[in-house]
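There are 2 protein chains.
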Amino acid sequence: MSLTIKLTIAPRIINLNCHERNRTKFPAIRPKPIYHSNALNPILYNNKRPGMFQASVSGTVIKSSLIEPDGGVLVDVIVPESERGSKTLEAESLPTARLAKIDVEWVHVISEGWASPLKGFMRENEYLQSLHFNSLRMENGTVVNMSLPIVLAIDDETKKSIGSSKDVGLVGPEGDLLAILRSIEIYKHNKEERIARTWGTTAPGLPYVEEFIAPAGNWLLGGDLEVLKPIKYNDGLDHYRLSPKQLRKEFDRRQADAVFAFQLRNPVHNGHALLMNDTRRRLLEMGYKNPILLLHPLGGFTKADDVPLDVRMEQHSKVLEDGVLDPETTIVAVFPSPMHYAGPTEVQWHAKARVNAGANFYIVGRDPAGMGHPTEKRDLYDPDHGKKVLSMAPGLEKLNILPFRVAAYDTVAKKMAFFDPSRSKDFLFISGTKMRTYARNGENPPDGFMCPGGWEVLVKYYEQLQAEEAMPAVASA
Amino acid sequence: MSLTIKLTIAPRIINLNCHERNRTKFPAIRPKPIYHSNALNPILYNNKRPGMFQASVSGTVIKSSLIEPDGGVLVDVIVPESERGSKTLEAESLPTARLAKIDVEWVHVISEGWASPLKGFMRENEYLQSLHFNSLRMENGTVVNMSLPIVLAIDDETKKSIGSSKDVGLVGPEGDLLAILRSIEIYKHNKEERIARTWGTTAPGLPYVEEFIAPAGNWLLGGDLEVLKPIKYNDGLDHYRLSPKQLRKEFDRRQADAVFAFQLRNPVHNGHALLMNDTRRRLLEMGYKNPILLLHPLGGFTKADDVPLDVRMEQHSKVLEDGVLDPETTIVAVFPSPMHYAGPTEVQWHAKARVNAGANFYIVGRDPAGMGHPTEKRDLYDPDHGKKVLSMAPGLEKLNILPFRVAAYDTVAKKMAFFDPSRSKDFLFISGTKMRTYARNGENPPDGFMCPGGWEVLVKYYEQLQAEEAMPAVASA
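Just so you know, the sequences run in chain order A and B. Throughout the first sequence, residue numbering follows the numbering used here, covering 1 to 477 in sequence. Throughout the second sequence, residue numbering follows the numbering used here, covering 1 to 477 in sequence.
Don't take each hint at face value.
Chain copies aren't distinguished; within one or between two, either way the pair holds.
[As the list claims (entries may be wrong)] Derived lysine to any residue pairs resembling SDA-like cross-links, with alpha carbons at most 25 Å apart:
1) 87 - 288
2) 415 - 142
3) 188 - 382
4) 415 - 403
5) 191 - 375
6) 398 - 383
7) 166 - 235
8) 377 - 214
9) 377 - 252
10) 388 - 142
11) 191 - 241
12) 398 - 142
13) 166 - 99
14) 160 - 418
15) 191 - 214
16) 188 - 372
17) 388 - 401
18) 191 - 379
It is worth saying that the hints were derived from the structure and are not from the lab.
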């Protein structure tokens with residue numbers, strides 16, 4: 001496969017002058033590896049094929065030609081280093097609002113342009129459009145998708161302390177000034193309406209609602225962000241958190257002529273891999289010469305029983321190490337958004353953010369961003385609505401939607417395969433819950449369900465979790 | 001005012017040839033009057049000014065030039081009289097679904113093109129777009145507004161009886177075959193999600209939900225309608241139920257160069273009248289020569305404590321008779337839609353349907369289609385959201401939105417006037433509830449609140465209501 005790429009991308013290396021080629025020796029993206037292998041930039045560490053570097057330009061912004069960011073320009077509201085001092089001084093003079101951890105995740109998301117053209121937390125005008133139409137109308141009449149309200153809740157006391165100030169300093173959970181919010185607007189946070197229109201239910205037990213909306217203040221604070229420095233988590237995973245700008249650069253460097261994004265918040269099993277590899281095969285058949293997979297695990301808030309990000313990243317790493325996915329044509333990076341579990345509404349956000357990161361193909365599966373109904377024995381969303389709504393969503397017409405083919409465990413072939421309804425009894429569906437149950441009980445899933453290295457990561461995680469869970473019980477006994 | 005019109009419309013009468021002028025002696029719309037006066041077509045009954053007739057063409061469809069119907073063509077799915085027999089025979093051979101009264105109201109709405117380009121009850125594709133985006137994307141990429149799901153619910157038994165039939169006969173509450181639904185699709189009726197996304201709440205006590213959704217079946221039946229004959233109610237008000245086609249014809253006949261629609265479900269008081277007359281004045285100032293008011297009370301389902309349609313029509317009639325509104329420049333007709341009380345979602349429907357009827361201006365007030373929260377002591381919707389959402393709504397860009405100025409009773413001038421915040425203590429706000437309380441208690445509102453003739457209609461209605469309400473109590477005593 002790599003040979004094919006080397007040959008086929010050659011004709012595209014025509015627009016770069018000598019000066020630019022020389023600069024490619026200093027690639028801008030050089031994450032330090034964690035775990036046993038780093039899947040991120042295999043070419044950077046495998047310097048045997050210099051031809052692959054010719055399109056890379058470090059230090060300058062290359063606009064990926066595959067797909068325009070929403071609104072035409074990728075938002076970047078991180079204050080340049082030269083202005084950091086003066087802006088920080090100014091921020092210190094302003095009334096402040098305290099951010100929760102979830103708010104910092106959104107500051108991160110907005111600051112790098114995932115939500116382009118959104119430049120800050122939504123004002124009411126944007127909030128209402130998002131809530132009612134899942135989209136924003138731009139001044140020139142074009143429409144961009146915007147399905148989730150990206151808002152900052154404040155309480156009465158904070159509202160009072162802001163008074164009539166036009167700008168507000170945003171303070172992180174540790175008390176450090178993170179950003180300035182400009183030309184602010186304060187408006188009512190009607191939680192019930194927000195929840196009903198975003199989730200299509202107001203039943204108690206929605207993870208994002210219980211954690212962040214129910215306890216939040218009754219006001220929303222909108223305005224334009226100026227983020228004083230890039231948001232970092234110092235959890236050993238920051239190098240995986242490539243911004244849309246960095247991803248676009250990397251796609252250009254690799255001379256991708258198609259980028260297909262795979263959103264996930266679960267470990268990768270061989271069914272996922274089959275699907276991603278099959279997508280690549282289909283894209284090659286369609287005439288694309290160098291389709292690149294963006295394996296893009298969600299890195300923000302997830303519900304308590306989901307596998308944590310660090311474990312998932314290690315598992316993904318193993319999947320590439322074990323050769324289930326091809327590192328040559330795969331980029332693994334973290335999508336910094338929190339998870340809403342809002343099904344058809346959220347899948348639009350997942351897709352839209354990847355458009356901003358330069359992906360022009362998006363894989364969508366059964367029940368994306370779905371979960372069980374919190375109070376009834378059924379799926380919260382019709383499992384087919386996600387892909388249907390995504391294919392109709394305003395502002396996403398330019399994105400190629402690739403609906404999932406259902407993969408299941410073929411007990412005859414002893415591997416994950418596309419489900420064949422003509423011999424349905426041969427297939428075993430292994431849900432995320434089932435997979436976690438196997439791992440938790442120390443049982444092995446059927447051979448060929450997941451690569452052994454990846455499975456081991458999960459088993460170790462659940463062993464450790466059970467040991468930790470057992471601790472207090474021992475202590476209290 | 002009428003003199004002005006006569007003079008100013010003259011220059012527009014230039015495109016009609018002699019043949020067409022001769023045909024204007026037989027106007028197509030000649031409703032029979034009910035009540036003391038009929039406001040509908042004063043010019044037809046006041047044949048003193050033949051110059052006013054010159055633009056009228058009977059028997060042919062005149063496409064009003066003011067505003068295109070959504071989708072470009074006004075939907076009309078009423079079977080031509082010549083095919084009625086054969087279609088009825090065919091309908092008798094089909095499996096059937098029984099319609100509730102509310103469904104018949106929707107058949108009426110769809111059949112005349114109020115919901116253009118919708119040609120029948122929504123299939124899932126349309127339902128999902130309506131629910132998530134309040135709009136439909138047409139095949140040519142344009143977007144039309146469609147904020148309320150217009151759907152037909154059926155139960156398990158009906159679904160079973162339909163089996164694999166492609167077409168279904170629709171049977172009215174009295175057992176008569178009303179329509180055929182073609183190329184049907186049956187899909188799940190997720191009531192919770194429909195309610196949450198339409199109303200922004202799932203609180204018990206929403207009138208439309210309690211009456212029609214809660215008891216409805218778990219399936220939705222979509223398809224293209226063929227309505228066997230025009231829907232009539234035989235309640236003495238059918239002549240007020242002008243179709244969009246008839247209204248467009250009438251606007252053209254009157255040579256309107258602007259049509260401004262006023263949706264209402266309450267009696268007209270002098271604050272409303274002030275607003276409508278002021279709107280006309282503003283339109284004249286803007287250079288329009290002949291703005292016509294479409295006073296357009298909603299005629300379908302309303303909640304129990306709203307004033308019934310027949311009483312409202314009599315009250316509206318009095319308002320015109322008493323000269324509060326000018327019959328020369330006003331058309332009173334009934335909008336056959338049922339009421340959802342779904343605030344910002346529903347106001348889009350109210351506006352969109354009037355676009356289809358040829359109105360290019362729409363007056364929107366405080367809290368349109370709103371009501372009190374069914375379980376909390378507050379308005380269900382932010383009173384400003386209706387006009388904000390309407391001004392942002394996809395597909396309604398072509399409509400001129402005229403936001404309400406708040407009118408209140410000026411206790412100094414002793415009349416309804418635009419509220420002047422600089423002397424707010426002089427103003428008295430009389431809500432619909434307050435007005436009904438006055439009428440119910442036989443008290444008079446302040447002088448100048450409503451014309452005496454109109455007020456008398458209300459007092460009589462409540463006297464009669466109280467008499468009826470007292471009856472069972474007397475009987476049981």
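Could you work out which of the previously given hints the structure breaks and list their numbers from low to high?
When the structure is compared with the hints, numbers 1, 2, 7, 9, 11, 14 turn out to be violated.
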